[in-house]
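Participant: Taken in order, these protein sequences are the chains called A and B. Quick note, the first sequence lines up with residues 2 to 379 if you use our numbering. Quick note, the second sequence lines up with residues 566 to 762 if you use our numbering.
Treat the hints with caution; some may be incorrect.
Simulated coverage check for chain A against chain B, where a stretch passes if three residues somewhere in it have a Cβ under 8 Å from a Cβ of chain B [what the hints assert, rightly or not]:
(1) 35-46
(2) 133-144
(3) 156-169
FYI, nobody ran anything at the bench for these hints, they're computed from the structure. Beta carbons are placed, not taken as given, at the ideal position from N, Cα and C, and that holds for glycine.
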Amino acid sequence: MTPISIAFLPLTDSAVLVAAREKGFAADAGLDLTLVRSTSWATVRDRLVYGQVQGAHMLAPLAVAVTLGLSQQPAPLVAPFRLNLNGNALTLSAEFTAALDPVLANRIDDPVATAYDFASAIGMHRRKPVVGVVHRFSTHALMLRYWLGFAGIDPDRDLVLRVLPPSLMVEALRAGEIDGFMAGEPWSSVAVSEGLGQIAAFGSRLWRRGVEKVLATRTDWAEANPGTLDALLVALDQSAAWCDAPQNHEPLAAMLADPAYVDRPAELILPALSGRLALGLGEVPVSDPDFLMLHREAVGAPSPDHGLWIYSQFVRWGIVEASDVAKAAAAAVFRTDLYQRALVDAPLAGPVEGFFDDREFAPARIADYLRGFHPGAE
Amino acid sequence: MRIAIVDDSGLRATILKEGLAEAGYTDIEVVAPHGGFVARLERMAPDIVLMDLGDPSRDSLEEMLTVSRALARPIAMFVDRSDDAMIGAAIDAGVSAYVVDGLRKERVKPILELAIRRFNAFNALRVERDDAITALADRKTLEKAKAILMQSRGLSEPDAHALLRSTAMNQSRRIVEVAEALITAHTLLDPPKGTGR
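So here's chain A without its partners, still in its complex pose (with noise of 0.2 Å):
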């Protein structure tokens, strides 16, 4: 057996890992996987970069962020399998959704609506509205400036980001501190389930195959392990399969709910499982399948294009300098042949597509792309 061990976070993403320990994947695979739980991004990136780990549950943006040196503790990163597509929700208090569509389930239908209700609603609240997000470097915080942008926010000027441990949300909303925040799950149905707030967007109806988790390892681990890597992916593979399941659902529920892994109560962990989440105390759930998606449609295969989307956001909100460097840098990041090395017949990632808005994304015209938002950075 060969010893391999993987920091992540305690989220219903770490899903796929954490079944590919406790179901025996990646034993089948001949590794002995270590799960090591983190409570920061931060650690998950210290750990990784210093070699405590050989793999991370990462954010994508911050995959191409720490190789694009926009991190502390710069280092090349590769993401050769993708864990999950989607599974983020965006969770205000009940002052704030006042101003919002009163049939909660139209918010999630029409994000458009929800945008501009959520714009005019800004200039009502008693303060400017505090949003709390898990990290600069997440999708789940590029999509809230996608979707607030595209009713003319400048999340920069009209209201306030501020990065919180998914951990700490819930007390935030309780104390007052935020307004609200976007996050993976089970953040929000666990403040749902407080009554604390209501789901007021889905990512997966922001962006409907929008790129979440991969696996990141080191390039330079990547290349000198090439065995284990493969033997991951298959392992990985093998799980997300399993996970993805509807009859599993709840095994895998409780499996998470384990105070290793995600430690919380298994019902609030398997909503985003099922696709059916509560979006308030009491009402009842609404269905989206692809609130959050592992394996089916080529989930864990990673592409240029990928790390292409997230460097346009970056140009965007002005996090980088355009430039052809950065560009093929955080396209590199995205290991598509890694991921065909490994799983030989598995099916390729489509395009970058599905946006709310209905833009279009062309990876070979980004700049054109580009001038098309307002706001943004000029």
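Let chain A serve as the given structure and place chain B on it in line with the hints.
Facilitator: Relative to the frame of chain A, chain B by itself:
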């Protein structure tokens, strides 16, 4: 040299602060990672921030370091990226440090080494305390099992203890496991008064 300790555990912060004070560093503030702690840190303008690697607020702190205009850009560090032994020691001890860019390595290194030693001392204390708590719980379990045997079988205390011990040896189990099993069985067979029918 102004040092900020971001810490939720009063004990760890005290252990670290005392060590730094003994070494002659006196400009030290302890900040709990709650509410507006990031704004407080920004006003303090520390040269070095020391923080537990396991603290979930590290991402909030790094966001502040990214966007802050008030602070000279501090960087996350393990002093020297080429010093693998020191990096390993810092991560193992759970020390993360942020240092204002430009501060000389020789000035920072002793502080970080001290922090590593003090974090390790705290970790050792915590293990000892956990062991002590476990030992106390085990002793209580054992006492309870012996009382059951003494009452239901009329044994003396030494005989009850000997019976538990020989049963444990025969079954290759820990004596406290046998005691727990006995207590469970006893509760099932003979529910405490007031809780049964």
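Participant: Confirm or reject each hint.
Facilitator: Structure-based check of each hint:
1. Requiring three or more residues with a Cβ within less than 8 Å of a Cβ of chain B, the coverage given for the segment 35-46 of chain A holds, as 6 such residues are present.
2. Evaluation of the coverage hint for the segment 133-144 of chain A: fulfilled, as 3 residues show C-beta separations to chain B shorter than 8 Å, against a requirement of three.
3. Residue count for the segment 156-169 of chain A with a Cβ under 8 Å from a Cβ of chain B: 6. That meets the three needed, and the coverage hint holds.
Hint check: no violations occur; every hint is consistent with the structure.
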